[in-house]
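K.L.:
Order-wise, the sequence lines are chains A and B.
The number in the numbering used here is simply the position in the first sequence, starting from 1, with 50 added.
The number in the numbering used here is simply the position in the second sequence, starting from 1, with 13 added.
None of these hints come from the bench; they were simulated from the model.
Some hints here could point you the wrong way.
Simulated crosslink set (PhoX-like; lysine-lysine; CA at most 25 Å straight-line) [to be verified]:
(1) B:Lys-16 with A:Lys-230
(2) A:Lys-353 with B:Lys-17
(3) B:Lys-17 with A:Lys-181
(4) B:Lys-16 with A:Lys-353
(5) B:Lys-16 with A:Lys-181
(6) B:Lys-16 with A:Lys-185
With the C-beta cut set under 8 Å, the calculated list includes, among others, these residues of chain A facing chain B [stated by the list, open to error]:
(7) Val-120
(8) Leu-124
(9) Pro-127
(10) Ile-247
(11) Pro-248
(12) Trp-342
(13) Ala-347
(14) Phe-367
Backbone N, C-alpha and C fix where the C-beta goes; we use that ideal spot for every residue, glycine too.
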Amino acid sequence: MLRFDRRLLLNFDWVLIVAVFVVALIGLANIYSSTHLYTKVGTPLYLRELTYYLMGAAVALLIVSIDYRVLLTLNYPLYIAMILLLLFALAFGKTIGGAQRWIDLGFFRLQPSEPAKLILVITLASYYYRKETGKGFTLLDLVVPALLTGVPFLLIAKQPDLGTGLLLGFIFASMTLFVKLRWTTLATLLCGGLSAIPIAWKFFLKPYQRQRVETFLNPENDPLGTGYHIIQSKIAVGSGLIFGKGFMQGTQGQLDFLPERHTDFAFSVWAEEWGFMGSVVLLLCYFFMILWGLNIAISARDKFGVLLAFGVVSLIFWQAFINLAMVMGLLPVVGVPLPLISYGGSSLLTNLAGLGLLMNIRMRRYMGTS
Amino acid sequence: MLKKRIDIAMALIIFSAALLLTRLWYLQIYRGDEYAKLSEINRIRIQEIAAPRGNILDRNGQPIITNRPRFNVVWSREDAPNPDAVIKDLARILNEDISVLLDRIRAGTENPRYMPTRLKEDIDWETLAAIENKHLSLPGVRIEVMPSRDYLYGDFASHFVGYLGEISPAELAQPRYAKYQSGDQVGKQGVEKIFEEYLKGEKGRNYLEVDVHGFEQRQMQLQDPYPGNDLQLTLDIELQRAAEEAMADKAGAVVVMEVNTGNLLVMCSTPPLHLQEFVGGISSTAWNKLLNNPLNPLLNKTIQGQYPPGSTFKIVTALAAISEGVITPDASFFCGGSLNFGNRRYGCWKKGGHGTVDFQRALIESCDVYFYSVGMRLGVDNIAKYATSLGMGRKSGIEIEHEKAGIIPSSAWKQQRYKQKWQDGETLSVAIGQGYVLTTPLQVCRMTAAVVNGGTLYRPQIVHSITAPDGKILKTFAPTSEGKILGSAHSLALIKEALVGVVNSPGGTAKVVKLPDVLIGGKTGTAQVVGLSHVEGMSEKNIPYKYRDHAWFTSFAPAEKPEIAVTVLVEHGQHGGSAAGPVARAVYKRYFELKSGISGTASEPPPLAKDEKEE
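Only chain B is shown next, with the shape it has when bound in the complex:
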């Protein structure tokens, strides 16, 4: 009887053994690979190593922005048996208040124990040496090395090159940044942002075996980071610096373009951004200061600043007038200082009048009355047609983001925008670059280049080539033409001749620009910011800064065979000739010095700041 029950028990035991063996088979064989993967995920931590970003070079291969190691002091709890004494020592070495360090450590206690807490970023070499010397008495303190941007020329072309920042949650959500992780540095503005893909390089990976607490056990595999590609810009360090120096005390923009390629040699917007403030994240006080600065340093005035072009627009009106045949070059108009049209009086900038002026004199002396008359004959839509063909009122296609299109008004435009009919009187303002007309300095420069190069409109080019770290050229950028502008070759020649007169003939508005050995041509402009009624009767010095006129000068050289076009805008600079002209002159001077081989010592980077010196 008991034997039978023992047999039952035996059967039950064998059954449970079979059950367990089946379960083992299920776990270890049927689903084994899955569990093997899970166990790998458990034990391997992948630490990413930031890649050195690609260098940014000027058109001659001179480095503008490179990388330097940045040393951060980090604190790892797991290695610190006696934190209080160490922190006290460390505070003295770092010259930091002990409470600051303790606050950071406290903030870090939320993180897993193995995760080091950053105590101080970007320490200088002396501090680094002090810590290294004492490292035996500072258990728990470690130095973390990260590549970071080194701005060899300070705020050089700061709006143009842009800056880096920690990737934001909004950016992380975009497919473009799919491979990024929070905490990564990413180009936020300018070239750094546009060419992010080329500059960023490939992160390295450190495969570490960790235990359940996250403590490292050993290194399993190390994949070195691969540096980013070098970006050779079209900018010329020397010219850019010449422009920046000349603009040092002014707010405005300088654009220099090679007339036969569209390559931009200078993209200067002042006041500059202080790029060093952005390294490791800009503080909110510094950011607010930038936001509230009346000189608007955050605006890249070369492509985002929209200003009435003033008299520089007379080039466009002139081209339209001759090409459309509404005037002949010889036809003269009488300027008595003003023109009555409708029930309004349209004044010339020269109150006494220019007397009888022909086409040449009208451009050279910038006679408003002449262009009022020409404008009336052309009509606004003809002017708009030529202006648009010269690249105005639309984006140039430069790769820098947030470019503004400006405005070139036409009757259709007004109808659409204001649901109003165009008034003929408004054409008069447009003819001299006032009224609704708005342009960016880049547009004016590009227009000038197209007029003097024989009529080809180039797309502005900012990058020369992209080179891989192994020296292989990945990409070159050839000049891209948008085709011919409207206007006959004859009319272009006439305009060019007149523009040379602006600088070189008596009565010209830009005689200050004249250089001894080189023939420069150009056109001044003064853009009204507010209606005359605001400033009526005030002497120039008494007009409040914000009501003062903008000063323009757009130009080219050498006149015989133009190579570069230089456009200068000085915000509230009042007079094109006296405020903007000298800036252009400085750029030309440097350009032709460099060309004739007088390079001087200026191609060396400026003296480095103290903490960067020992590199």
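Chain A extracted, bound-state conformation:
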């Protein structure tokens, strides 16, 4: 299992490392800018984020050193652990901002819904890897993976955290489409899904969630209430113009007009201070990293590697896309962080672990399947 030979080191993926490193630097600088005015006692947030980065690097290193195929045996224990953590969070978790999401570990407040995303990727990759089908999945074949996704989805939606819940749905949809569905299955799912939307709107969404969507469609109707975040974020991004207002000079961010500026709206701070140029640089680095992940998927040595790499890529992509579209006013406000850029230990550790998995798959691409 621990075959740390020369070939492994030779195949170390420097491209991925550099891409992640650049994005991480941008993220840290941005957190420094957006939080240096915070007068909270204790460690400055950018230093904490740096600590999480180092912890994440250690986790990634650990993951890299173990063949990812171990996950084929670890997947259900991981899944059960995740469900237990989510249940624990729901029962005893710390309530912040109206949602019960955190488990206080003393030195670290774990948000179990973050690792849940990655564990779902591992679970689905393992499941689809084992469940080989030639002609694509039927509706019946999807019952088990749908249940595997549905349980954590419900637990997270109950917190309530609609954004993360939806993200699980996106991961499930992406990976399922990737492994091929029968077109009849697809058609049935589409019809069923579309007809479920009004029902979900009426019975499933909480009033504040419905309001968020309504506000998104018409933010100017309620400029001081729920539309405030979208409007202020668009102002921050738009007022950056071509070259931005300068590092730590963004008025929207520094003067507190931008809410959640170091977490969900971190990109707005970046766009305001570095303008169109800086935003393009960040987006290019970011999407390069994502596309490189797909490249890793193509080159994986086995189908499990392909599925796993694709799952990790879809995890990072969907978070990034939802977050960026949200801060630019293209999607309603849902609490999805921007991987590596938004402040937050659980999210960072999860995403670095995912990137570790990518590296793991990359490094073992020429190894024989066992």
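Given the coordinates of chain A, assemble chain B onto it according to the supplied hints.
P.N.:
For chain B alone, coordinates are given in the frame of chain A:
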């Protein structure tokens, strides 16, 4: 197979990246300027700084109204970690009940946190010093400085200069006040209102960077306010004060006009307004007291008080009679104390009668019967023609607002007003300034000036010039003539001569006015307020105040070459000579003293009130 799907995924990811980049371009470049502006609006708060208002000066450049800093105690929550103890301390220093301060703070909690709450306005120097000394132990307490009016001469010409007040919602809706904001001080009456545009100055602006809670971060730019322009009035402090002193215990009006320019030297209406009550907004109790005062202090009696002119109107009748040739100066009438006309008896004020009177004697002794006869010969429309030409029955065009026009009746007027034919008997009343005739003191003064200056009717002038703070004269006001009045020079000379006799000859009705060195001419008048039947048989002292006659005296001096016309009206003063005459005399006395260089010490402002002394 999987490779193909990865390619699809890659295409989708590239497409979403392109979508996001397009959105970035749209926000940051296509609509960037718009958002940049919005972000500026977010972070910049513009604080307006009130400009010191222009000073108001008298004709010699003596300041009448200037500005002084007014110190308000304000409370800013954001700086107050321990409010209870501070408020307790502060209440003691301000000598104010703690509940009053707490009420104000409570009222202010509705406002954003950064907005200070005013705890007490216009504190005196001692309180200010006490707060400044202790300011380290009074966190959250600040002093706000605002310019406010300083009335150097108290209620000097109060109706004329007017007062300031906070701009009302109704005013804010007018285009004239487009640049104002609620809370601004604005001229509400008199000169302060009319010349608002010149006096107000330009507000300063303090551009502050604020955070989302409105807390100031730093000052970005400071534009100092630019003071308003100085207004030099035609009023003369000394004369105005002389008139006000003489009128101190009377309700009425004094108007003094330069006969050859129309410049008004005195515009006195009593009882005065207490201008200090209006600083920072008048209380409703004080306002109601003003409204209910029977002496009507809110009325500017010089231009708004309409009274029958009584015998002062005989000047008009006399001018019409000689000019129209209905009498000659030598023609005499016999006064037996009354005249019967129609089925009514028209009495002369002198019950025993004046005997045989000619034109001169009739004016000097103010014989009613003489003027009844003259009036009958003239007819009401002839009298109206001359009165109108002398500026009566219409507004003088003085810039002060709410001037009343008075009434000069004519047959056409009566037809229009009452749909009735004019009765000849009514002409008799009009000839002696009774009946329908109503005039303001300003009109009587202006008429007098026109008669004695050789026949030119001037528009009353109240402002001499307007000067910018840098000394540049922006505007001067030249005398404006409305042209010649009706009436021959000969008749004007005859009248002038007779008016001098009123003051100076035996039997004249205004001998009390006589000054040793100066020849004064004038005419007394007594205006009936109610029909004689109300007061029949009562001795003068028993007549209720409101039924007593108004006393008039209108005059000019020096007789040889008239310079000023002085008109005095004392409401319910009963006798023109004894009630109004001494007031005019006091004004002349001061005028000629000043002219001969005896200025005395009176040009110094009166001693200041205690809290203003240390300036």
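K.L.:
Checked against the structure, which of the hints given earlier come out wrong?
P.N.:
Going through the list in order, the structure violates hints 7, 8, 9, 10, 11, 12 and respects the others.
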